[in-house]
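Colleague: Mind docking chain A on chain W? Use the hints.
Line order of the protein sequences matches chains W and A.
The letter at position 3 of the first sequence is residue 3 when you use my numbering, and the numbering goes up by one with no holes.
The letter at position 149 of the second sequence is residue 149 when you use my numbering, and the numbering goes up by one with no holes.
These aren't lab readings, by the way, just hints derived from the structure by calculation.
Positions of the beta carbon are idealized from the N, C-alpha and C atoms, including for glycine.
Take the hints with a grain of salt, since some may be wrong.
Unchecked claim - Across the chosen pairs, the derived CB separations fall in these ranges:
hint, chain 1, residue 1, chain 2, residue 2, range
1, A, Pro46, W, Glu32, 32 to 40 Å
2, W, Val17, A, Glu173, 28 to 36 Å
3, W, Val17, A, Thr306, 50 to 58 Å
4, A, Arg140, W, Asp178, 31 to 39 Å
5, A, Arg357, W, Ala175, 22 to 30 Å
6, W, Asp73, A, Arg357, 36 to 44 Å
7, W, His18, A, Leu128, 51 to 59 Å
8, A, Pro63, W, Glu121, 18 to 26 Å
9, A, Val368, W, Ala175, 34 to 42 Å
10, A, Asn256, W, Lys88, 32 to 40 Å
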Amino acid sequence: MSTDAIIEVENLTVGYVHDGEQSVILKDVSFEVLRGEVFAILGGSGSGKSTLLKHMIGLQRPLAGRITIDGDDIVAAGSAARREIMRKFGVMYQMGALFGSMDTLENVRLPLEEFTDFDDEAIDLIARTKLYLVGLLDALHRAPAELSGGMQKRAAIARAMALDPAIVFLDEPSAGLDPITSAELDRLIVRLARTLGITFVVVTHELPSIFAIADRVIMLDQKTHGIIATGTPAELRDHNGNPWVHRFFNREPEEATP
Amino acid sequence: MPGAHRIPIKLPENRSMNGTTAVEFRRGSPECVVALSGALDAQSLPPIWPKARAAVRENGTAPLRVDAAGVTYCDGSGIAFLLDLLREGSRQGSRITITNLAPRFAELLGQFDHAALDDMAPPPAPRLRLIEELGRAVLRLGADLRDQVVYLLQVDLCMMYSLRHPSRVRWNEVLGVAEQTGVNGLPVVTLIAFLMGVVLAYQSAVPMRQFGAEIFVANLIGLSLLRELGPLMTAVVLAGRTGAAFAAEIGTMKVNEEIDALTTMALDPLRFLVVPRVIATLLVTPLLTIYAGIVGLIGGGLVMLTFDIPLVTYFKQIIGVVAIHDFVGGLFKSAVFAFLVSTVGCLRGLQTQGGPRAVGQAATSAVVSAIVLIVVFDGLFAVLFNLLRI
Chain W
1 MSTDAIIEVE
11 NLTVGYVHDG
21 EQSVILKDVS
31 FEVLRGEVFA
41 ILGGSGSGKS
51 TLLKHMIGLQ
61 RPLAGRITID
71 GDDIVAAGSA
81 ARREIMRKFG
91 VMYQMGALFG
101 SMDTLENVRL
111 PLEEFTDFDD
121 EAIDLIARTK
131 LYLVGLLDAL
141 HRAPAELSGG
151 MQKRAAIARA
161 MALDPAIVFL
171 DEPSAGLDPI
181 TSAELDRLIV
191 RLARTLGITF
201 VVVTHELPSI
211 FAIADRVIML
221 DQKTHGIIAT
231 GTPAELRDHN
241 GNPWVHRFFN
251 REPEEATP
Chain A
1 MPGAHRIPIK
11 LPENRSMNGT
21 TAVEFRRGSP
31 ECVVALSGAL
41 DAQSLPPIWP
51 KARAAVRENG
61 TAPLRVDAAG
71 VTYCDGSGIA
81 FLLDLLREGS
91 RQGSRITITN
101 LAPRFAELLG
111 QFDHAALDDM
121 APPPAPRLRL
131 IEELGRAVLR
141 LGADLRDQVV
151 YLLQVDLCMM
161 YSLRHPSRVR
171 WNEVLGVAEQ
181 TGVNGLPVVT
191 LIAFLMGVVL
201 AYQSAVPMRQ
211 FGAEIFVANL
221 IGLSLLRELG
231 PLMTAVVLAG
241 RTGAAFAAEI
251 GTMKVNEEID
261 ALTTMALDPL
271 RFLVVPRVIA
281 TLLVTPLLTI
291 YAGIVGLIGG
301 GLVMLTFDIP
311 LVTYFKQIIG
321 VVAIHDFVGG
331 LFKSAVFAFL
341 VSTVGCLRGL
351 QTQGGPRAVG
361 QAATSAVVSA
371 IVLIVVFDGL
381 FAVLFNLLRI
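Chain A with its partners taken away, still in its complex shape:
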């Protein structure tokens, strides 16, 4: 079928300029007539379409003829318009015909079966009863928890393998992720840690001053920042920045079938993608936490200066009250948080199914899951440290 033999249809230069488009309804006997004139295209049709449809509806069951003698041009929208009139006429039970339509437009119209265009709305989703929905949600949650536990164990096994065979770890990737997670995360951690130190100091110093106990603000800031808020805040920032990035990156790889490619090359995606990210995050997060603690303490110290407490006194007070186990406990928590955030971020990426929207959902789910895990584990640590009297 060589296309060279076809004669292209010449279309008018300015389609809508071929006369004013109009619809006229003439009642008569034995038939009513809807007379169309001008160009039937996307520019001219919007105002006349509802009028013509209403005319066909009002006509009811009487025979109706659509006279298209005056139609100078008809594009795809025009064809849809004529089909709508035919469909509406059929719905009313009227015998409706289109006459005098130029042959080339009639050929276009002839391609369509207006009955086939009729509504094929999607079947309404079956409505579930509350108890059913609740049951399904619990099952989903259970399945997700099971997946997470199995996956965490698999990651642990992979990590142990990597510890035994450090040469098999992709250290270049580890360094790249460490830079992305650690160095590039410094500005936002600085901002939040500094602000937290300043706010903590101000909010506590004002009431403490009433008792002449401003100096104990140092105890509060030191303990809370190094033991609790520093690791927690760093982990939350990590969840928003790094966990989401891992999920989006691995999710995109999943959508692009890169994960399938790895698998068929007999490369374990866990060892290849997850382990370097987990190692890098485990290495840099405690450092970020120490950094956040120091910046927060500086922020608090600057506020204390305005309350006439010199920096030397402030830091001496902190050193006196913060024991080494507080500091190490904070670092331990931060390492656990790092493990949770990075593994759940990668898991959500690997679980991605479908297109771009699924990648977005994976990133959102990574952040939400990570924050929930951080909170749950922080609570567990509080109980554990209390039991161990740390």
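Next comes chain W alone, as it looks inside the complex:
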């Protein structure tokens, strides 16, 4: 494994056991995410992208394998140790998952209030800087229900970055956004990665977004339950022999079987 790797996934097998029957979603998957890169996880619907993400952030336990976050194994960790590991990363969920009972500023303040010893004035300023970065200073005191989809996602990124984590996981950041808002969000992710040195792990299937933000991508496949391609987005588009990857990157429909 590379010394520059901030996340290492080794021989990961995930799935569900129901009535003694095992149904495998991903089998024997290994990859690593390098410090400071924007890493994208691609795949068609049902390929296990979101399931992989849930395992990487410790919400689900795999059937086998190891996931190391900045040197700590999140699979083997007990619940207290896992909570410590979880403070190393922030997560933006697909629908934002902002707390509806709090306004935007309070959403970003919450992790700072819970996990740091800053005084109230400092917490307020730190939260404002995060919201400044995502361009939401004019929506500080609005409830999540009053924000548009794109604003909710930006607020969720600000909350995910509140504790200055080394890694931020983004689940479908572009889903449901118009092309302009989506492009703005992509630019924000690249800027945050470049200036703050945050490692981004992005689950997506939006091609323009992948080319705009991703340093490296892996592609999951539903049929083989594993990774069918790894590389930069351009490499996967231009130099990959796998017909499915080719179709994915060239937006070609599956050939009809007679």
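Modeller: This is chain A only, laid out in the frame that chain W set:
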């Protein structure tokens, strides 16, 4: 803009371990200096931040230089810290500069305009005078009453349509709700009814015994349980269990735009969601009330055994005193309560606006409204039965 060409910034492995973080204030002429050293991050900053801010405040209007030569690392909190010093200096009217900050941190700091971060507190909500608040509350109450009446009429129309076209009723849904409301509600109804029978019997039997009138406890329990408390208690349990569940379920559907989907599919949410719930509740609540009455009577009977009144005597006494119109009146009341609880539960669900908190408010409002309606209608029934000499 292919990201592959970027060079990621290498961050130190252990950010806070890069020297002890310290702030030093040096008075001088022509300028004062705040010297920072070590890592400026969330772990190391909390103790030194207030000290640095206080130093800038004490400095007043004198020119101030923040020397960041010793800063080895700076994260988002560190940037916020530097911005705070700049902001505080500006507020004091001091000319404040940050020097010798490593270029990559200076680039980060350069993204921010500290003046823009200044307080933009929400405009204070206009204070209303008491009379204004009272007026608004009355208007809200009036609008809510109007909504309820209109809605009840709409539900009545839908129910009549369903009676004329029973094949259009979603009977599978009716059965599901009936099971949820009736069968699954049996344990809690059993518990409360039994307890009520026992408590009624004990509380009345002890004083009655002084007059040798224990047997009349049966009259009291029989009449109160079958005519008044049985229907009332069952309806209150129904409001807490079923009314809240209807409001939460339909409220969540509203938040998830499922109600909009029904409407645009030209399916009337009242017929599709409300009617099956009202029918199911109307069917099972009288049965639950009968069950509650029986369990309560058994509870009372067991207590009477301890007062040497045999069960046969106890039940004979009850049969003698409880007329059929008492029993039917109780059942009629319970059906009306069921209609009120189920319709108001569904109404509160349909009225839900906003997010998860609104769903909670809908459930709370469903229970409160249902209990208020139950009490009001119980009072009306008392007057009505008195007038009809039932």
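Colleague: All hints, please: hold or fail.
Modeller: Consistency of the hints with the structure:
Our hint of 32 to 40 Å for proline 46 of chain A and glutamate 32 of chain W holds, since their Cβ atoms are close to 34 Å apart. Between valine 17 of chain W and glutamate 173 of chain A the beta carbon distance is about 33 Å. The supplied range of 28 to 36 Å therefore holds. For the pair valine 17 of chain W and threonine 306 of chain A, the supplied restraint of 50 to 58 Å holds, since their beta-carbon distance comes to about 54 Å. Between arginine 140 of chain A and aspartate 178 of chain W the CB atoms are about 37 Å apart, so this pair conforms to the stated range of 31 to 39 Å.
About 24 Å separates the C-beta atoms of arginine 357 of chain A and alanine 175 of chain W, a value consistent with the hinted range of 22 to 30 Å. For aspartate 73 of chain W paired with arginine 357 of chain A, a C-beta distance near 38 Å keeps the hint of 36 to 44 Å intact. Against the hinted window of 51 to 59 Å, the Cβ-Cβ separation of histidine 18 of chain W and leucine 128 of chain A comes to about 57 Å, which satisfies the hint. For proline 63 of chain A and glutamate 121 of chain W, the hinted distance range of 18 to 26 Å is satisfied, since their beta carbons lie about 24 Å from each other.
At roughly 39 Å, the beta carbons of valine 368 of chain A and alanine 175 of chain W sit within the given window of 34 to 42 Å. A C-beta distance of roughly 33 Å is found between asparagine 256 of chain A and lysine 88 of chain W, which places it inside the suggested range of 32 to 40 Å.
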